[in-house]
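Visitor: Starting from the structure of chain G, add chain X where the hints point.
2 protein chains.
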Amino acid sequence: MAGSRLWVSLLLAAAFVGWARALWPWPQYIKTSSRRYTLHPNTFQFRYDASSAAQPGCGVLDEAFRRYRHLLFGSRTGSGSTYSVYLVLTGKRHALEKKMLVVSVVTAECNLFPTLESAENYTLTINDDQCLLFSESVWGALRGLETFSQLIWRSAKGTFFINKTKIEDFPRFPHRGLLLDTSRHYLPLSSILDTLDVMAYNKLNVFHWHIVDDPSFPYESLTFPELTRKGSYNPVTHIYTVQDVKEVIEYARLRGIRVLAEFDTPGHTLSWGPGIPGLLTPCYSGAHPSGTFGPVNPILNNTYEFMSTFFLEISSVFPDFYLHLGGDEVDFTCWKSNPDIQGFMKKKGFGDFKQLESFYIQSLLDIVSAYDKGYVVWQEVFDNKVKVRPDTIIQVWREETPVHYAKEMELITKAGFRALLSAPWYLNRISYGPDWKDYYTVEPLDFDGTPEEKALVIGGEACMWGEYVDSSNLVPRLWPRGGAVAERLWSNKMISDTNFAYKRLSHFRCELLRRGVQAQPLNVGYCEQEFEQT
Amino acid sequence: MAGSRLWVSLLLAAAFVGWARALWPWPQYIKTSSRRYTLHPNTFQFRYDASSAAQPGCGVLDEAFRRYRHLLFGSRTGSGSTYSVYLVLTGKRHALEKKMLVVSVVTAECNLFPTLESAENYTLTINDDQCLLFSESVWGALRGLETFSQLIWRSAKGTFFINKTKIEDFPRFPHRGLLLDTSRHYLPLSSILDTLDVMAYNKLNVFHWHIVDDPSFPYESLTFPELTRKGSYNPVTHIYTVQDVKEVIEYARLRGIRVLAEFDTPGHTLSWGPGIPGLLTPCYSGAHPSGTFGPVNPILNNTYEFMSTFFLEISSVFPDFYLHLGGDEVDFTCWKSNPDIQGFMKKKGFGDFKQLESFYIQSLLDIVSAYDKGYVVWQEVFDNKVKVRPDTIIQVWREETPVHYAKEMELITKAGFRALLSAPWYLNRISYGPDWKDYYTVEPLDFDGTPEEKALVIGGEACMWGEYVDSSNLVPRLWPRGGAVAERLWSNKMISDTNFAYKRLSHFRCELLRRGVQAQPLNVGYCEQEFEQT
Chain G
1 MAGSRLWVSL LLAAAFVGWA RALWPWPQYI KTSSRRYTLH PNTFQFRYDA
51 SSAAQPGCGV LDEAFRRYRH LLFGSRTGSG STYSVYLVLT GKRHALEKKM
101 LVVSVVTAEC NLFPTLESAE NYTLTINDDQ CLLFSESVWG ALRGLETFSQ
151 LIWRSAKGTF FINKTKIEDF PRFPHRGLLL DTSRHYLPLS SILDTLDVMA
201 YNKLNVFHWH IVDDPSFPYE SLTFPELTRK GSYNPVTHIY TVQDVKEVIE
251 YARLRGIRVL AEFDTPGHTL SWGPGIPGLL TPCYSGAHPS GTFGPVNPIL
301 NNTYEFMSTF FLEISSVFPD FYLHLGGDEV DFTCWKSNPD IQGFMKKKGF
351 GDFKQLESFY IQSLLDIVSA YDKGYVVWQE VFDNKVKVRP DTIIQVWREE
401 TPVHYAKEME LITKAGFRAL LSAPWYLNRI SYGPDWKDYY TVEPLDFDGT
451 PEEKALVIGG EACMWGEYVD SSNLVPRLWP RGGAVAERLW SNKMISDTNF
501 AYKRLSHFRC ELLRRGVQAQ PLNVGYCEQE FEQT
Chain X
1 MAGSRLWVSL LLAAAFVGWA RALWPWPQYI KTSSRRYTLH PNTFQFRYDA
51 SSAAQPGCGV LDEAFRRYRH LLFGSRTGSG STYSVYLVLT GKRHALEKKM
101 LVVSVVTAEC NLFPTLESAE NYTLTINDDQ CLLFSESVWG ALRGLETFSQ
151 LIWRSAKGTF FINKTKIEDF PRFPHRGLLL DTSRHYLPLS SILDTLDVMA
201 YNKLNVFHWH IVDDPSFPYE SLTFPELTRK GSYNPVTHIY TVQDVKEVIE
251 YARLRGIRVL AEFDTPGHTL SWGPGIPGLL TPCYSGAHPS GTFGPVNPIL
301 NNTYEFMSTF FLEISSVFPD FYLHLGGDEV DFTCWKSNPD IQGFMKKKGF
351 GDFKQLESFY IQSLLDIVSA YDKGYVVWQE VFDNKVKVRP DTIIQVWREE
401 TPVHYAKEME LITKAGFRAL LSAPWYLNRI SYGPDWKDYY TVEPLDFDGT
451 PEEKALVIGG EACMWGEYVD SSNLVPRLWP RGGAVAERLW SNKMISDTNF
501 AYKRLSHFRC ELLRRGVQAQ PLNVGYCEQE FEQT
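Protein chains in written order, with the working numbering: chain G, 1 to 534; chain X, 1 to 534.
Here chain G stands alone, though its shape is the one from the complex (with noise of 0.2 Å):
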């Protein structure tokens, strides 16, 4: 971050906006002018720089590309002829036309995925003798694509245009997420896809796929395929086959969006039930089992060997190197009621049942360990002084037990691992108003620590439980005021003017209503194009 050129620089665009009002997250760097340049769509055309690693073929950028001019020109590209005859007759020229935008990166992976490690940076050139977008990444030119798309603008008359703009970018924190939860709703394949389409316009790039939990287990299981066929809630229409999964991978990795997949244990796994007979803890009532079950039972041998099978296939199905291993809420209420689990607990010497959670967990983090993964789990497995490795990261979900999100965050940096902030973004909470300003005020460093502690803090993630979300809901639920954390996470701290962010949040709300994104508005107004159900 340069100091104080950077400064005068942000402070400058904010006063003069006006062609740059529709970009979100604000870029870290941005220089622009009132000088501007034509692009005609019919012949306007990405490129890639001789010198570029990456060229054509390469298909993160080729589909890019092909994206962008759908979403910038839509039908209007390609020989079609209305559109030069339109300016032919409105003759003028105002400006320069930019024929292609020119696209340079470092290093070509374009077949491989973005991780915690990718580099997300890019440099925007537009200016009398360039038009030039460079990056060390595949995925730092997505995010440049995603910028210039927001850069260029519309006349009255029809014509479009780009001012002359410098922009160097980069996002603030790696990890920037948005967990949806298809258990308790089931979201078909395309809201999942739409969702990584708007994901990737607010420069968000962690998919966390809570994909299972009590209410229905969706994942389908090459391994045990008993797990949908009983689990799911409806074993046909209701579930993501392999072929969903692969596909809502490669959607992503398009994207320069990894997908973080979680499947939640010990707690949250009663639709685990039904396909894996003894897998969970059967509950007493008194002398007898009462019927109903609990978390995963820690005290068989059988549950070690079914979750090792059962985590390696995950560890082949979700190529990220993270998997997200959950360990929330575990309600010890059945473990204490039965007289196996109490039996167990008197032979290890275990004095509460926080040490018996330590002691499935621990053994679940050591299978794994040992297929190459690493993992996030949700705060309670440190509140609850799991041992586990250096490299965890902890994801803080909870805003005020057992101590406020901030003081967690601290104790968690603290104790040397890395963490996620998630508290206060429950987008599933709504509430009336502009509820928003919430989620974009939040500083996720505004805690007690040394540079080194906040430095081991990765980003966040935005959380969008399915208790009352689901395909009816979730799209304006989620746009634009996911795009409040998505901001807080790319943009630099001191951007955070909510007048200024309301202006541009309002702007980017419209272009996702342009581009067929249900976003719901943020205040009274309007948008050129309402949205209308087709």
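If you're looking for bench data, these hints aren't it; they were derived computationally from the structure. Just to be clear, a hint being listed does not mean it is correct.
Said to hold, decoys possible - Cross-link-like lysine-lysine pairs, in silico, DSSO-like; alpha carbons within 27 Å at most: (1) 493(G) - 164(G); (2) 454(G) - 493(G); (3) 230(G) - 503(X); (4) 503(X) - 166(X); (5) 164(X) - 503(X); (6) 230(X) - 503(G); (7) 230(G) - 246(G); (8) 230(X) - 157(G); (9) 157(G) - 98(G); (10) 157(X) - 230(G); (11) 454(X) - 385(X); (12) 385(X) - 414(X).
Guide: Structure of chain X alone, referenced to chain G:
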């Protein structure tokens, strides 16, 4: 309401609700059995009884028959062969077939508009001998057709069934409304029409069109085209043309829905200002006009001349006997600042601004009365003791001030006026979780009053104000939450158990999804057919 027989049936029905579980709102009297009949999509017909006053050519019913055929059987309707083949192949006839629903009405009002006084009662008899819908009016027949459609269910094998059933039904309140605000956000015509459809599914019968307000004036006035030209968000894309308004009124009529147009004055009129110079009160800052404007200027003859002409148009455009004249939230600050207003007050001997407000409103009411219209006003008109006609309808919207809404209902009815309840039913005000229960458990007559006073409560309205709502989030916010209000206003007071309601409303919500309505979930679970953006 037929005493003990009614109650026994209600309770019985609640016990074995299986095949009637989609009924929403719950009918006044229902008796149903496990005996069932098949319906064949390609042959089933709606037919007029020979003795019916309405016969083929009756637009309201002809159209309704078409709609319900489509809702029930979709594209499977008609001479298509797929279904017959299927039925032949599956072979077995489990039950008697019902080839038609015979419809009989006593009075045909096929080309008229529904009114506050329209009869909506109907009787539905499905037994071995009959499949008959009998009603006094076509409006009642519409309600019965909806109920009939909700009684039909489909087996896993795809066969359509209806059970032996007897229903005698009528609304508890004659005015069951929904307010949409098309000023704070413009709602595309399609959003309004789609809403009318879902209102009919819920047996709501008044569309309260809060068409203009401070932020925009989308109503296209023929007499004063400048109102729209200068007061709408966009005079080309964000207006309701004369044709649009006609379409809304006719679309509503065909569904037995009245259109209650609201042109709220003297406050909430900022968008009127640009089109009608001099209409609004110039606010003063010290001795000089500040350049801002307040409510309609009540001291000028021009104002009343304008209102006279304007409401002449409105009275003819909107056929309903009632107009809504607003009258809420008049801010006196601007009037107070204006020396001409002060002078007028002095001359008239008005001691406070409520008297000035009364002066304006009384003049307006006289104008509208002369056009043979009745009117509805917001509660402030009553609170501020404006002299109104005894047949005025007062709409209660304030939850706690000046008094709790139940007290306000008491005061209004004690004064002999008819009342409409809206205060507890502001659907725009969202909160996290199952807030439909709050709407559902409201009892509109739960105030101190004699039976005669309570009889003055003609119903209520759910309100969807537009500060944070437009076509992007309208539908999931409206449904099924609005259904809670709909059942409260239709069904017997005793139908108030939220568990019974939850089961039916969840099922009804799935039925709404099946009908293409983006209704949101009530809680964890799933529908056979989830919402997918097309």
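Visitor: Look at each hint and say if it fits the structure.
Guide: Verification of the supplied hints:
no. : hint            : result
1   : 493(G) - 164(G) : holds (26 Å)
2   : 454(G) - 493(G) : holds (13 Å)
3   : 230(G) - 503(X) : holds (23 Å)
4   : 503(X) - 166(X) : holds (21 Å)
5   : 164(X) - 503(X) : holds (21 Å)
6   : 230(X) - 503(G) : holds (23 Å)
7   : 230(G) - 246(G) : holds (22 Å)
8   : 230(X) - 157(G) : holds (21 Å)
9   : 157(G) - 98(G)  : holds (18 Å)
10  : 157(X) - 230(G) : holds (21 Å)
11  : 454(X) - 385(X) : holds (21 Å)
12  : 385(X) - 414(X) : holds (14 Å)
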